Structure formats: structure tokens, C-alpha cells
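So the sequences go chain by chain: L and V. As numbered in this note's numbering, residues 21 to 393 make up the first sequence, in order. As numbered in this note's numbering, residues 2 to 126 make up the second sequence, in order.
Hint data in this document are derived by calculation from the structure and do not stem from the laboratory. One should not assume that every hint holds.
[Unchecked claim] List time: in silico DSS-like cross-link candidates among lysine-lysine, alpha-carbon distance up to 25 angstroms:
# : chain 1 : residue 1 : chain 2 : residue 2
1 : V       : 47        : L       : 374
2 : V       : 106       : L       : 374
3 : V       : 95        : L       : 319
[Unchecked claim] Partial chain L-side listing against chain V, Cβ under 8 angstroms, derived:
#  : residue
4  : 56
5  : 57
6  : 62
7  : 237
8  : 250
9  : 254
10 : 256
11 : 320
12 : 325
13 : 329
14 : 333
15 : 342
16 : 347
[What the hints assert, rightly or not] Counterexamples of contact, computed for chain L against chain V with all Cβ distances above 12 angstroms:
#  : residue
17 : 37
18 : 58
19 : 59
20 : 181
21 : 186
22 : 196
23 : 197
24 : 205
25 : 243
26 : 249
27 : 302
28 : 344
In this text, all values refer to a predicted model and were calculated from it rather than measured experimentally. Glycine included, every Cβ here is placed at the ideal spot set by N, Cα and C.
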Amino acid sequence: MTEPSNGPLKRTPLYDLHRELGARLVPFAGYEMPVQYPTGILVEHNHTRTACGLFDVSHMGQVRLTAKPGQNAAKAMETLVPGDIAGLQPGQQRYTQFTNDAGGILDDLMVTSTGDHLLVVINAACKDADLAHMQKHLSATCEVEPMFSRGLLALQGPQASTVLSRLVPQVATMKFMTGAYVVIDGARCYVTRSGYTGGDGYEISTPADQTDAIARKLLANPEVKPIGLGARDSLRLEAGLCLYGHDIDTTTTPVEAVLLWSVGKERRVQGGFPGAAVIQKQIAEGSTRKRVGLLPEGKAIAREGAEIVIDGKTVGIVTSGGFSPTLGRAIAMGYVERSQSANGTKVDLMVRGKPVPAEIVPMPFVKHAYYRG
Amino acid sequence: MAETKYTEEHEWIRVEGDVGTIGITQYAQEQLGDVVFVDVPAAGRKVAKGEACAVVESVKAASDIYAPASGEVVESNAALADTPGDVNAEPTGKGWFFKLKLADKGELAGLMDEAAYEAFVKSLG
Numbered sequence: 021m022t023e024p025s026n027g028p029l030k031r032t033p034l035y036d037l038h039r040e041l042g043a044r045l046v047p048f049a050g051y052e053m054p055v056q057y058p059t060g061i062l063v064e065h066n067h068t069r070t071a072c073g074l075f076d077v078s079h080m081g082q083v084r085l086t087a088k089p090g091q092n093a094a095k096a097m098e099t100l101v102p103g104d105i106a107g108l109q110p111g112q113q114r115y116t117q118f119t120n121d122a123g124g125i126l127d128d129l130m131v132t133s134t135g136d137h138l139l140v141v142i143n144a145a146c147k148d149a150d151l152a153h154m155q156k157h158l159s160a161t162c163e164v165e166p167m168f169s170r171g172l173l174a175l176q177g178p179q180a181s182t183v184l185s186r187l188v189p190q191v192a193t194m195k196f197m198t199g200a201y202v203v204i205d206g207a208r209c210y211v212t213r214s215g216y217t218g219g220d221g222y223e224i225s226t227p228a229d230q231t232d233a234i235a236r237k238l239l240a241n242p243e244v245k246p247i248g249l250g251a252r253d254s255l256r257l258e259a260g261l262c263l264y265g266h267d268i269d270t271t272t273t274p275v276e277a278v279l280l281w282s283v284g285k286e287r288r289v290q291g292g293f294p295g296a297a298v299i300q301k302q303i304a305e306g307s308t309r310k311r312v313g314l315l316p317e318g319k320a321i322a323r324e325g326a327e328i329v330i331d332g333k334t335v336g337i338v339t340s341g342g343f344s345p346t347l348g349r350a351i352a353m354g355y356v357e358r359s360q361s362a363n364g365t366k367v368d369l370m371v372r373g374k375p376v377p378a379e380i381v382p383m384p385f386v387k388h389a390y391y392r393g
Numbered sequence: 002m003a004e005t006k007y008t009e010e011h012e013w014i015r016v017e018g019d020v021g022t023i024g025i026t027q028y029a030q031e032q033l034g035d036v037v038f039v040d041v042p043a044a045g046r047k048v049a050k051g052e053a054c055a056v057v058e059s060v061k062a063a064s065d066i067y068a069p070a071s072g073e074v075v076e077s078n079a080a081l082a083d084t085p086g087d088v089n090a091e092p093t094g095k096g097w098f099f100k101l102k103l104a105d106k107g108e109l110a111g112l113m114d115e116a117a118y119e120a121f122v123k124s125l126g
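Can you build the whole structure from these sequences, using the hints too?
Rendered as C-alpha cells:
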């Protein structure tokens with residue numbers, strides 16, 4: 021979870037709150053971020069699955085795109101991503117990827133149409149590069165406004181709706197992957213019903229100087245506990261969701277990553293995004309490898325980098341692996357040759373030089389619980 | 002009379018006669034976070050001082066456990082397979098890892114006593 025960084029670490033608007041709550045702070049994507057609070061990752065994970073967790077994800081990048089006169093921001097954005105952005109109705113949100121000319125993934129992102137703007141949320145480690153990428157390619161058609169100082173709070177779990185509705189009644193009926201402007205405690209925020217846990221929940225974009233007050237207001241609800249990046253990782257892994265830089269990167273395409281569901285149906289045919297030819301060919305002929313779920317037998321944990329072996333021959337590599345608190349056992353995901361990728365295929369995962377038997381299984385490991393109305 | 006020594010890898014070894022019981026310290030378990038799996042060496046295995054011979058997995062990461070002295074494993078804590086959380090709850094008690102019949106008690110001379118270890122942890126900030 022940690023990585024080397026250059027220069028002083030940045031802080032989110034919730035830094036003081038994290039310290040007060042006794043968080044263990046670690047360097048992450050150039051920020052000093054809470055990896056866990058005193059209760060520990062297991063308790064935080066289980067609390068998010070059964071009640072409600074509050075995550076500080078203010079390190080992620082938020083960018084607003086506004087069409088210049090006579091231009092269309094969604095059409096412009098579609099020159100950089102394979103998702104159907106032009107088809108977004110006001111208030112709709114979509115998951116997509118910035119691709120490169122080889123069809124590889126530069127970053128994955130969320131795009132929400134407000135009607136007047138597109139709101140884009142990008143990964144912290146990629147945000148400067150993503151911003152430069154958008155400025156380079158979209159500045160002729162759009163105002164590209166970084167909003168990197170804004171706060172972003174994720175409120176996740178089965179009681180998230182109950183909690184946030186106390187402050188903003190209208191969020192109770194919002195459907196998964198939709199967004200709306202709301203006022204919380206006098207602050208104008210943008211809320212989407214989405215997240216990175218596989219469960220129900222919201223992400224709340226807040227003005228920088230009101231982020232702390234809103235976070236404290238949310239934490240004042242008895243259902244809500246603060247959750248660190250450690251549990252964020254185990255929650256997303258259970259949900260089968262990709263972590264950029266690990267499960268997807270510039271060497272993996274959306275087809276290989278089994279993210280084809282996020283590529284617009286018309287866009288598969290029409291192309292018009294970087295790497296379209298590569299991706300269209302993979303759609304037609306299949307990719308040589310694909311991302312799969314892996315369920316190891318026993319309790320040993322196969323982590324990122326573990327080789328996936330069949331009959332002594334390496335057929336792939338684990339890209340994320342860990343302990344699933346919900347299932348009480350190890351889980352993993354990785355890439356294998358497509359010819360060996362069928363569910364039920366028996367493989368060995370090489371953990372510290374020893375083979376750990378495992379089976380290729382469908383994902384998610386823990387059923388999604390999105391609110392679809 | 003049992004004597005406990007500590008390593009810079011945050012392990013403890015409690016020596017009674019020529020057998021040492023090995024585990025990790027309170028500081029180590031706090032740093033690791035929730036322990037979810039412990040791979041302990043089988044009885045009969047001969048280990049050299051400094052050899053990686055057990056693994057403790059927390060939710061976050063896997064960490065090697067090194068033999069603080071040479072010897073033969075005479076018993077490992079089988080209960081940790083079902084209750085790895087004992088390492089967090091009682092790192093110097095129920096959360097012990099394995100017992101070693103020491104080949105040369107002289108090897109322990111370079112390890113820290115409790116006061117030296119406490120000072121060492123303090124120096125880490």
C-alpha cells in the first residue's frame with residue numbers, strides 16, 4: 021500500500037481528523053493517508069459490510085469539463101475513452117478508462133454528466149498525468165478545470181442510505197451510478213451513488229474548507245466508523261474490482277481485464293478512441309489472456325506477483341491477492357492464458373516457492389449490493 | 002529460570018533449559034495489524050540462526066520470521082491455524098510460534114534483553 025515519494029507528502033482536508041482518530045498514516049500516491057484506525061482493518065472491513073464506513077478519498081483527482089461554445093464535451097471525452105459518454109443522461113454516471121494507442125489502460129475513471137458539465141474522478145497516482153492528457157487533447161473543445169483541492173468522501177455500506185438521508189432526504193431514492201447536487205450543512209456538494217466496495221453507498225464531493233465539518237457530521241451518526249485504505253483494498257478485492265497499477269495498467273486492455281461491459285456497444289463498432297483497432301480485434305478474435313478470479317485452497321495467501329502454474333508450466337500471474345474477511349479465506353485475481361481461463365480450472369499459485377492449489381472462479385467473490393431502485 | 006531475549010526483527014525467544022520458545026513482540030503485532038494466517042515450521046526441521054522459517058500474514062502483508070538461533074524445531078503452535086488472532090491478542094503468550102532445541106546457547110549472547118529492546122523500539126520513533 022505504500023510507495024516511495026518525492027518531496028513532502030500532501031495532506032487532504034481531513035488530515036487533522038485522521039490524527040485525532042488515531043489513524044496510522046502512510047505515504048500513498050504522494051499523500052499522507054490513513055491505512056487504518058485503531059480498531060484495525062478486519063473490524064473496519066466488517067463494519068463497512070454490515071453497517072456504514074466513511075472513507076477519505078480526497079487524494080483522488082476531480083476534474084470538471086465544460087464544453088466551449090458550439091462544442092460537445094461528451095463527444096470530446098469519447099476521443100479519449102471507450103465508454104459511452106455521449107449517451108449519458110444528466111445525472112448519470114459511467115465507469116470507463118483512458119486508453120493508449122496500444123489499447124492499454126492509462127487510468128480508470130468515473131464520468132458523471134450534470135447536464136452542463138462532465139465531472140471526472142481519476143486515481144490519485146495518475147491525476148497529474150491524466151490532467152495533462154485531458155488538457156492536451158480536450159482544451160480546444162472544453163474548459164478543463166482541475167478541482168484537486170476539493171474533498172471526496174465515500175460513505176459505504178448497507179446503512180449508508182439511512183445515514184445520508186438524515187442530512188439529505190433526496191439521496192434515499194437515487195439509483196446506483198447516478199449523481200446530484202445537494203446541500204449538506206450549507207455546503208454545495210455533488211453526490212453520486214457509487215463506490216469501490218461492491219456494496220451500496222455514496223461518494224460526496226465537498227468544498228475543501230467544509231470537508232472536515234461534513235466528515236465529522238457523518239461520523240456523529242452511530243452507524244458510521246472511519247475506514248482506512250487497508251479495508252478499502254480488501255473490500256474492493258472481494259467485489260472483484262480492479263486496482264489501477266496492479267490489476268490494470270498500460271500493458272492490459274479493457275478486453276483482457278474483462279471490462280468489456282464498460283465499453284459502449286456502438287463504440288465497439290465505431291471506435292474513435294485510442295487503441296480502438298487493437299481492442300476491436302480482441303473483441304472479434306479474443307485476447308490471448310484474461311483476468312480471472314482465483315480461490316486458493318487452505319489458508320495461505322497468494323499476493324501480487326505470485327505465478328499461476330498448471331502442470332509445472334507458468335500460465336499467468338496474480339495481480340491482487342489477500343484475505344477476504346467476509347469469506348474468512350484467501351482470495352486473489354490475476355491474468356491467465358485465455359485457453360486456461362475457464363471457471364473450475366485447477367491451478368497452482370506459487371507462494372514462497374511452494375504450490376498452493378487454487379481454482380479459477382467467477383467474480384465478484386462477495387455479491388454486489390448496489391441500489392438499483 | 003526462564004530468560005527472554007529480543008531480536009532487531011522484533012521477535013522474542015524465551016529460554017528454559019536448552020529449549021527456546023519464539024514469537025513476535027507487542028510492537029511487531031501492532032505494526033503488522035490483524036494477523037490472518039501463520040505458517041509455522043514442522044517439528045524436526047533443523048534451522049540455522051537467521052534462517053526464514055515461519056511466515057506471518059496480516060491483512061496487509063506477509064512477513065518472514067527468522068530463527069533467532071540455530072537448532073531443531075521440537076514443537077510448533079498448531080492452534081494458530083484456527084486462531085491466528087492470538088498473535089495480536091497475546092503475542093508473548095498464546096500467540097507463540099514454535100519451540101527450538103538450541104544447538105548453541107552461546108548464539109543468544111548477541112540478542113537484546115528487555116531493557117535494551119525497549120530502548121531499541123523507542124529509537125524507532
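Which earlier hints turn out false for this structure, listed by number in ascending order?
Checked against the structure, the hints that fail are numbers 2, 5, 7, 10, 12, 13, 14, 16, 18, 19, 26 and 28, while the rest are satisfied.
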